[in-house]
Amino acid sequence: MRTSIVIPVHNQLACTQICLAALDQTLPVAETEIIVVDNGSTDGTAAWLQRQVGLRTNLLAIRSAANLGFAGGCNLGLAAASGDGVVLLNNDAIVSPGWLQGLWAPLLQQPALGMTGPVSNFVIREQVVAGPKRADWAAVSAYAAEIAQAHSGQGRPTERLSGFCLLIRRAVITRLGGLDPRFGLAYYEDDDYCLRADLAGFGLWIAQDVYVHHLGQRTATALGIADGRFDENWHRFRLKWGLPPDRPIEAGWRRSDILPRHRLAAKWYFPLPPVS
Numbered sequence: 002m003r004t005s006i007v008i009p010v011h012n013q014l015a016c017t018q019i020c021l022a023a024l025d026q027t028l029p030v031a032e033t034e035i036i037v038v039d040n041g042s043t044d045g046t047a048a049w050l051q052r053q054v055g056l057r058t059n060l061l062a063i064r065s066a067a068n069l070g071f072a073g074g075c076n077l078g079l080a081a082a083s084g085d086g087v088v089l090l091n092n093d094a095i096v097s098p099g100w101l102q103g104l105w106a107p108l109l110q111q112p113a114l115g116m117t118g119p120v121s122n123f124v125i126r127e128q129v130v131a132g133p134k135r136a137d138w139a140a141v142s143a144y145a146a147e148i149a150q151a152h153s154g155q156g157r158p159t160e161r162l163s164g165f166c167l168l169i170r171r172a173v174i175t176r177l178g179g180l181d182p183r184f185g186l187a188y189y190e191d192d193d194y195c196l197r198a199d200l201a202g203f204g205l206w207i208a209q210d211v212y213v214h215h216l217g218q219r220t221a222t223a224l225g226i227a228d229g230r231f232d233e234n235w236h237r238f239r240l241k242w243g244l245p246p247d248r249p250i251e252a253g254w255r256r257s258d259i260l261p262r263h264r265l266a267a268k269w270y271f272p273l274p275p276v277s
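Numbering (the numbering used here), first residue to last: 2 to 277.
Since the hints were made in silico from the structure, they are not lab data. Check the hints yourself; a few may be wrong.
No farther apart than 20 Å at their CA atoms in a straight line, the calculated lysine to any residue pairs in the SDA-like style are these [as the list claims (entries may be wrong)]: (1) K134 / D258; (2) K241 / R264; (3) K268 / T175; (4) K134 / L114; (5) K268 / A172; (6) K241 / W269; (7) K268 / P249; (8) K268 / E251; (9) K241 / S257; (10) K241 / D258; (11) K134 / A113; (12) K241 / A252; (13) K268 / S257; (14) K134 / Y144; (15) K241 / L216.
Pair by pair, the computed Cβ-Cβ distance ranges are [stated by the list, open to error]: (16) R57 / D247: 44 to 52 Å; (17) T27 / R126: 23 to 31 Å; (18) G253 / R183: 16 to 24 Å; (19) Q26 / R3: 33 to 41 Å; (20) Q110 / S257: 21 to 29 Å; (21) A267 / A139: 44 to 52 Å; (22) Q102 / R126: 23 to 31 Å; (23) M2 / R255: 40 to 48 Å; (24) P112 / L56: 32 to 40 Å.
Because the structure is a prediction, the values reported are computed rather than measured. We put the CB at the ideal spot given by N, CA and C, even for glycine.
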């Protein structure tokens, strides 16, 4: 299956370099395309990416003058993606051998599934595991190999997956379009996409035999939005889906919380931007 890897970035060039180096070690070039969306970086990312495009046959760099946030950046990448599936990947993620095949396996075995995600060290509680003691590629790969061996073929259904590393079947993108841009720079756009996929009839799956390391919140911390934006977007999510206004963020959400009158198909689809 041909796969597109969409990586939205805003500064944090060192993270992007580590991320792409790990991808180089794990991806079959002929079957994958890497789309890096530069969200208005000012640290030399744009120039570095242009040099890399000249050196790589499977890399596309898209430049936005403004920071469109995670949702906006992903939507630019989704619009340009040609794969049978698309991985949304944070630039502070470190993959290891077999990760992509492991995420594809449940989708190929279970046609009703629409999205899969790995386990990780810095992620929502449904997907969290301890992780390695070091974050270098060798340590991450060794830990991922242990996870793959100990949990070979294992996984479970879920109602939500983290957007830091998320494989999406093409049929889901055709049905739902892109991420909801109302969530701005970061947070809850992945919860929203998962809920929309679920309501549209697509299953979600945690591949418990796939580990992807996550350095975590590098861009959000640098922008100073890690805490306030989380609360703000929880409020947006509650309003959109009709959750009780006094529902605390710690309580989270479940599909059963969404009343029938809020499960409208009109809320599912967001058109992707035109490809320039």
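Hint check against the structure, violated hint numbers in rising order
Violated: hints 1, 4, 7, 8, 11, 15, 19, 23.
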